Amino acid sequence: MSEPKIPVDLIMKKLAEDSEEVLKTVQKASDVLLGPLDTAISTTPCDIVYEEDRIKVKHYKPKAGVKLKTPLLLVYALINRETMLDLQPGRSAIQNFLDEGVEVYMIDWGYPTRKDKYLTIDDHVNGYMDNVIDFIRERHNISKINLMGICMGGTFSVMYAALHPEKIKNLITTVTPTYFDIDTGLLHIWMKTIDVDRMIDTLGNVPADMMNLGFLILNPARLMIDKYVGFLKNIGNKNFVENFIRMEKWIFDSPDVPGETFRQFITDLYKKNLLIQSKMELGGRRIDLKKITMPLLNFYGKYDHLVPPEACERLTEAVGSNDTQDLCLDTGHIGIYVSSKVQKEFAPRIAKWLKERDKPEKGHSSRKKPVAKATATAKKPSARTSSPKKEKKKTAA
Amino acid sequence: MSENQNEKLYPESLMSFWMKSATDFWKSTDRMWPDATEPFQSEGLKKQFQKLESAPKMWQSFISAFSAPESMNAVFKGVDILPEVVLQTLQSGWGGYSDLQKKWLEKASRMGKQSEAYKFEDIDKDLFKAFAEVYEKEFSQFLNVPQVGLTRFYQERMGQTLDRLNLFEIALSEFMNLLYLPVEKSTKAISETLEEVTKRGELSENFEEYYREWVKILEGHYMVLFKSTEYIQVLNNVLDAGENYFSARNHLIEDILQLFPVATNKDLDELCKEIYLLKKEVKKLSKKVAGLK
Chain H
171 MSEPKIPVDL
181 IMKKLAEDSE
191 EVLKTVQKAS
201 DVLLGPLDTA
211 ISTTPCDIVY
221 EEDRIKVKHY
231 KPKAGVKLKT
241 PLLLVYALIN
251 RETMLDLQPG
261 RSAIQNFLDE
271 GVEVYMIDWG
281 YPTRKDKYLT
291 IDDHVNGYMD
301 NVIDFIRERH
311 NISKINLMGI
321 CMGGTFSVMY
331 AALHPEKIKN
341 LITTVTPTYF
351 DIDTGLLHIW
361 MKTIDVDRMI
371 DTLGNVPADM
381 MNLGFLILNP
391 ARLMIDKYVG
401 FLKNIGNKNF
411 VENFIRMEKW
421 IFDSPDVPGE
431 TFRQFITDLY
441 KKNLLIQSKM
451 ELGGRRIDLK
461 KITMPLLNFY
471 GKYDHLVPPE
481 ACERLTEAVG
491 SNDTQDLCLD
501 TGHIGIYVSS
511 KVQKEFAPRI
521 AKWLKERDKP
531 EKGHSSRKKP
541 VAKATATAKK
551 PSARTSSPKK
561 EKKKTAA
Chain S
5 MSENQNEKLY
15 PESLMSFWMK
25 SATDFWKSTD
35 RMWPDATEPF
45 QSEGLKKQFQ
55 KLESAPKMWQ
65 SFISAFSAPE
75 SMNAVFKGVD
85 ILPEVVLQTL
95 QSGWGGYSDL
105 QKKWLEKASR
115 MGKQSEAYKF
125 EDIDKDLFKA
135 FAEVYEKEFS
145 QFLNVPQVGL
155 TRFYQERMGQ
165 TLDRLNLFEI
175 ALSEFMNLLY
185 LPVEKSTKAI
195 SETLEEVTKR
205 GELSENFEEY
215 YREWVKILEG
225 HYMVLFKSTE
235 YIQVLNNVLD
245 AGENYFSARN
255 HLIEDILQLF
265 PVATNKDLDE
275 LCKEIYLLKK
285 EVKKLSKKVA
295 GLK
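So the sequences go chain by chain: H and S. According to the numbering used here, the first sequence is numbered sequentially starting from 171. According to the numbering used here, the second sequence is numbered sequentially starting from 5.
Worth flagging that the hints you see were computed from the coordinates, not collected in a lab. Among the hints, a few may not be true.
Claimed, not checked - Derived contacts from chain S toward chain H, CB cut-off under 7 Å, selection only:
id, residue
1, Asn181
2, Tyr184
3, Phe230
4, Glu274
5, Cys276
The structure presented is a predicted model; accordingly, all values stated were derived computationally and were not measured. Glycine included, each C-beta is placed from N, C-alpha and C at the ideal position.
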């Protein structure tokens, strides 16, 4: 077969014709890039109300007043940063929650360093998360809070809710992998074969750049080529450039992942798929998913290439709750939080679901304690409220 | 001091004397091999012994090149021209490289012809295999020569680090080549499309259409590649090679840091672990105390 002949002459002719247009774009680009740009991320005002080691807890209070009695704690993944939930005005899940009158707390996991390499999942779930949740319960004088986990943070939240069901009123999981024995997601395929022990023994913490490269390689055509072609095409559009730079800032602002946590996550979950079988252990305690008896709302993206729907949708069947709902959105992994279209329904839907389940607590002590900025102390769990009527739904949006 | 004594102390004479002793040693060792292999009748073991036999021969050729007067002069009196010894030592390496170059040329001439769309079983693995073989046969052995003396451990680690860096680079090249394959395949596919539409006179004015099509094809190729066992194998190879290199490099850095009044990686890791365990215990006790209150 002969080599294909590319009509180079025609391409060159077209390029020459376009040159005037290119010159205009270059002029516009220089105006935009050299002029003032607003590329700040995570700008919604908040207070840091709790600090422990490298972690911080951000507190966001609705300006127009709190409409929900129970505050919501957001737990982000250890990969990338929680700033994604507050990327920019108009595309901020946090702002949307505040508009709905939801009081929000959010864990900022910070940047793990060498001293954090020995931290396990147990330290994150039964350590930091438990301390933060106790702190919020104490601060609001309530026995239970609402918990929402994102991606790996969602997996942590599932673990937490199973081990401490008495402290969680409602559980929301978004793009949360809980079933790992699938071959539809590339991460699931690759993670099964890597020698994670050797990797962690050699590297300590998993370097952020290595993780980022891994994510870029999941779809190089789009993430390493087309994305930047799109940027060049729109380089004269100030609004586009600002949004693009914000996203770039978020994507490449990645902390390293604590080595022992990564080791356990890959071994117990990606390789052995223990969580969904209620066989995983943390701190010597088995995680029994049947102990998740609180209402559960499970969001995932139809086009999620990192955590495919198959990795998320089995959770609602595995838990002990009678009030569960699956919501499959027409978007990808990140789109759930940043897509303008999805944003219109994501936070309002969660707020509505929470409001429907925001019953006042019975018999909890009204003793208030001062706000602490140190390790929070655990309180005796209060009596569990009864489960609402049986409600298992599966919704595609 | 007599002229004869002077000669004996002169470095060239000392070197010649040492080399002669070493060669005699290898010669005598060499004579032992036939007897030593007799009890081992299996083919595998025989092959292993044949490999061992080549070691003294290689040493002999190396020594004879080194012992030549012009080489000795070059070594001890400085050189303006490339000495014979270097040429002779590199001869075998060139052989390997010319093979490799041949394979590169073959690969270049096949570019775009051999690769079939959405198939990655026909990856040209030979090129990197050949490169790895040339490296392992002709170069790696020099970096792994047993070291002697007080500083043997340090020299060994330096050699290992260089060796592993080279192996990592080879594995990385293979990985990068694999990542490039979909670009090659998709470019071929889109150029065929362009040729076809040009022949039909239906070439679109808007080249973005073809770019979009190319990206789509490229994405498809990557998806197929990333799920293939070949890719997973190469990915694991590059990770293994990288980890080997980082591990060797860390050992080397550890050696260097020991020369200075600073904490080494090992010291810091031990310290971090102790702090981690202590903090964990303190937090546990704090919770217990708070519970008692």
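A quick look at each hint next to the structure:
Because the smallest distance between the Cβ of asparagine 181/S and any Cβ of chain H comes to about 14 Å, over 7 Å, the interface hint for this residue is violated. Interface restraint check for tyrosine 184/S: the shortest CB-CB distance to chain H comes to about 10 Å, outside 7 Å, so the restraint is violated. Hint status for phenylalanine 230/S: holds, given a least beta-carbon distance of 5 Å to chain H, under 7 Å. For glutamate 274/S, the shortest C-beta to C-beta distance to chain H is roughly 11 Å, which exceeds 7 Å, and the interface hint is violated.
At its closest, the beta carbon of cysteine 276/S sits 5 Å from a beta carbon of chain H; the interface hint therefore holds under the 7 Å criterion.
When the structure is compared with the earlier hints, violations turn up for hints 1, 2, 4 and for no others.
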